[in-house]
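Participant: Use the sequences and the hints to build the structure in full.
Chains B, V and D, in that order, give the protein sequences.
Residues 1 to 326 (this note's numbering) make up the first sequence, in order.
Residues 327 to 602 (this note's numbering) make up the second sequence, in order.
Residues 603 to 1140 (this note's numbering) make up the third sequence, in order.
No lab work stands behind these hints, which were simulated from the structure alone.
There could be a bad hint or two in this list.
Restricting the straight-line Cα-Cα distance to at most 25 Å, the calculated cross-link-like pairs of lysine to any residue (SDA-like) are [what the hints assert, rightly or not]:
| hint | chain 1 | residue 1 | chain 2 | residue 2 |
| --- | --- | --- | --- | --- |
| 1 | D | Lys-801 | D | Arg-1003 |
| 2 | D | Lys-954 | V | Gly-429 |
| 3 | D | Lys-1042 | D | Arg-1003 |
| 4 | B | Lys-75 | V | Ile-439 |
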Amino acid sequence: MNRRLTYILMRLVRSLLVALAVVFLSFFLIRLAPGDAAEVMAGQSGYSDATYIKDLRAEYGLDRPLPVQFWRYAKAVLRGDLGTSYERREKVLDVILQRLPNTLLLDAFALIVAIGGGVWLGSVAARRPGSAGDAAVTFLSMLFYATPQFWLGMMAVLLFSIWLGWLPPFGIETMGADYTGLVRLADVARHMLLPGTTLALYFMASYARLTRTAMIEVADLDFVKTARAKGITERQVQRRHVLRNALIPLVTFAGLQASILIAGSVLVENVFSWPGIGTLAYEAVTARDNPLLLGIFIVTAVLVSLFNLATDIAYSIADPRVELAA
Amino acid sequence: MREFARRFFARPATVAGFAVFTLILLVALAAPLLFAHGPFSIVGMPLRPPGSPGLLAGSDVLGRDMAAGLAYGARISLLVGVTSTLCAAGVGVLLGAVAGYYGGVIDDLLMRITEFFQIIPSFVLLMVLVSFLEPSLGSIVLGIAMISWPQVARVVRGEFRALRNREFVEAARTLGESDARIIFTQILPNALPPIIVISSMMVGSAILTESALSFLDLGDPNLLSWGSMIAGSRSAMWVAWWTTVLPGLAIMATVLSLNFMGDGLNDALNPRRRER
Amino acid sequence: MAGALVSIRDLTIALPPGAERANAAEHVSLDIGHNEIVCIVGESGSGKSLTAHAVMGLLPRGVAVTGGSITFQDKDLLRLPPEGMRRRRGRDLAMIFQDPMAALNPVMPIGRQITEQIRAHRPVSEAVAMDAAAALLGQMGLADVAGLLRAFPFQLSGGQRQRVMIAMALSLSPSLLIADEPTTALDVTTQAQILRLLKTIQAEREMSVLFITHDFGVVADIADRVAVMRQGRIVESGTTAEVLGNPTDPYTRALIDAVPRLRHAPPVPSGAAPLLTVSGLGKNFRRGGLFSRDKQIAALDGVSLSIGRGETLGIVGESGSGKSTLARCIIRLLDPDAGAVLFDGADIAHMKPRALRPRRRRMQMVFQDPFSSLNPRQTVGNIVTAGPRAYGEGGAASRARAADILALVGLDPAAMRRFPHEFSGGQRQRIALARALMLKPDILIADEPVSALDVTVQAQVLKLLDDVRRQMNLAMLFITHDMRVAAQVCHRVMVMRAGRVVESGPTSEVFAAPSDPYTRELLAAIPGRDRLGFAAAN
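Facilitator: Now the structure itself:
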């Protein structure tokens, strides 16, 4: 137990260090943006008076030396103050938190579908390597791997919404319908099906390939032979020995996928006008709303970092050898 | 050389990939000759279907030649893909080799950095970078290179670390070979296969990333790329499928052919690999 | 044999297309009687392992039986439906494998791995099965049974793991135990213990054992009957006494002769002034990362030795004894933490690289693994001339000399244009030797140079090393874990354990009258020492 606690603590420390590095990186990135905050704000409020800008600078501490600015910035971020959106005049964090649940919903759905479908397809393909089914799975995986997600989404809309008329093409729920309770849930679910599956397909391809490779490699290992020599059923061999060991690298992989999932989310949400972080990011880019864009980066970085922490812990549970090597 | 070609073209998928990629490359190079009017000129009525007179691939919402757009878009995609990968690979190989061979503090530092880049959402970072630096071909290439060098460095570091302890490297040291000589003549030739394979996959990745950026209006505003073609045709998608389908297929074909070639390279460079 | 437990008749196992030959085993016939130990002995690629796998029905993908029958308890196993075979596996016939680390599921606790087998064939609860497992582990001579049941394979030692595997295999009292080289991956003292354990169990349970091995010494120790396999065919079989005492097939004779033994104690060359003197060498390794307690492991502790021209000093020890670390410290692949290495008047233990360089070329090394000691992407010519080239002496002259040295080690100089993967293990060691000799060293360090080779090839390479040493008047430091090999080629021998030297002296003396108990243990553990004429020297 002590070892596990130490391991978790170490990972927690690592996550905190990552968060700190993100803050540092963000501060550095702000410097990159053309013009400083004062100029932009002044420009947007219609005043380009030099004195006004100078006053703004003083108010926001932009005329202080760099380390001092960083300290102020870091303190603010850690307090949860990610600045104010240029365009909306609201606190960045508030804006983000409004839209975050929608993204989390979509991403969670996509992740479940991707892992479930991918692992199942991969294990089916691994059962009979070289068969037609295996070749089909491999080819489809490569196909989806090479497809731009935003385009795939548009094709899905074309097929399922425009031509077949089965599913709604955009949004999170039917506009103006004001559903509540279970009906609302069903409505949201209907709207989530297309974007969620589109998002999932790319990852399903990755998981299928990874599962297939892992299972084929594990199937050749000696302990699988031992398992058969014991006379247990083939199903037990596959489940308790092959799959159990093949799943280990998948857990780490899931952690790494989180950051790519966010990327996919940005694209898919925009295609389907799903009101989440992705569409928010696009709006921020269009409006040159730097604090908002940066804020999205910080929030998603922290979330992914936490998700990685969770998968690291899951990994240590799945593979008992890890803690000793920590 | 002949042996390499034989192993490379062993699989039909690789042959197909190579053929398609060569075709795309040729079209990209020949674009100024084939479509002297450039991709932005209006050549006819908007939203003409493919096969209309003079419009092999139809026309888009503004009446521009789709075929020209596809051809010029190929130039952008390939250019971005190859240059960003070369930069990323260059930096990645250098840092990864040094870290893997010498170990110690340099190695620890590199590992922390690569882990950091793996954890944070790189695409959002890329959006921030490109947006802050003003979208242009240069900033896109720089941005993509910056977020992809860590994965090359990781792979190279792993290879060098493993190879460094192999007995033939120990033998080289007892024979008196210098560190530099060992890195370049002993280890690198053995580490090259995974580097080459991963680089070919990265070109495909970079093309997908570039098209995603263009789709989000973060592409170079002066250049037409496949991603921006798709973005621009969103409104017309309902009535003119070719305006979105064709550029997407172009992206898919390019990336898929690159990935198939990557598989072929893997086969050719690791001949004693077990099947599957 | 009438009433045999297992009757293999005319068995043919086909290999997938592209393998070195069409069949792994051809027309193999063998009987295993009740209550006896039968050994199949052969070198790598002889088909012995696949034959054993065929009996269990565990042939790998792509390999299949194409003819013959395997009758076990009056049923032809090859004609059984899969379910019928599965029921017998683990219950009536069981198998243990070579590498116990790889043969156990790394993420399943030991206890569960044993109970899984029990409960596959008997309708008992987990608790009852666990009790049975505990009892079995106790019978295998393991301590702290409760802790072991909860532990994972990586937490056990090699010997413990193999005992666990044996316990697991015996859990349902099978009539036949198949053992596929179960001691090859173990230390020699552990090997002796496991062999003794198997013999005891076999006698107690009156079980039959099919034991696969490459070592005739093991055959001499435990087999009642033996079959010799070569290239998929059985070339000779009979009782151990018959085959050992009166081998009829020339290959059998070659195998038996190839087992190294203390034939005639080579005389210690007289008066050779020491070329290399090591005194008080120490090397520590640090284990543990950032948060765990810093553990210092002394890989070497106060090791001293000296060696002169024309003599071979053997450094013998099991894994973890520090013998490889010693070699690497002497040749400065590792930096020693303490002590001195006096070579030709100067202490090279802590010398800076620049001063070290000219001296270094006079000490060369041959490594253990012929498959990883040659750069797979360089031609043999480049590999062999790498030394001179590193010192700026490349060119036609060195290539000509390379051709000569390759001929000296028994290879065709045309090999220079080819790549390592085109050569066999024994040939690669010759290339490695040629590479080392190119720099005209005074000292040759051979780190387990024949451990990875088949026993007949081993004999050839040992002879080559000895010839080269004599011809070039080299001092040779010979590292090995195999006492028999040390006995054959070394004038003096040094026994190491846990980083320290426990005994040293002329080979004949150490073998005849060992003073240290560990040395005695090592000598007692030599397989076949009694029957293969491995008595102490004249």
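Participant: Would you mind confirming whether the straight-line C-alpha gap from D:Lys-954 to V:Gly-429 stays at or under 25 Å?
Facilitator: 20 Å, holds
Participant: Is the hinted pair D:Lys-1042 and D:Arg-1003 satisfied, with a Cα-Cα distance of at most 25 Å?
Facilitator: 11 Å, holds
Participant: Quick one, are D:Lys-801 and D:Arg-1003 close enough, alpha carbons at most 25 Å?
Facilitator: 54 Å, violated
Participant: Hey, B:Lys-75 versus V:Ile-439, does the alpha-carbon distance stay inside 25 Å?
Facilitator: At roughly 24 Å apart (the allowed maximum being 25 Å), V:Ile-439 and B:Lys-75 satisfy the hint.
Comparing the model with each numbered hint stated earlier shows that hint 1 is the single one that does not hold.
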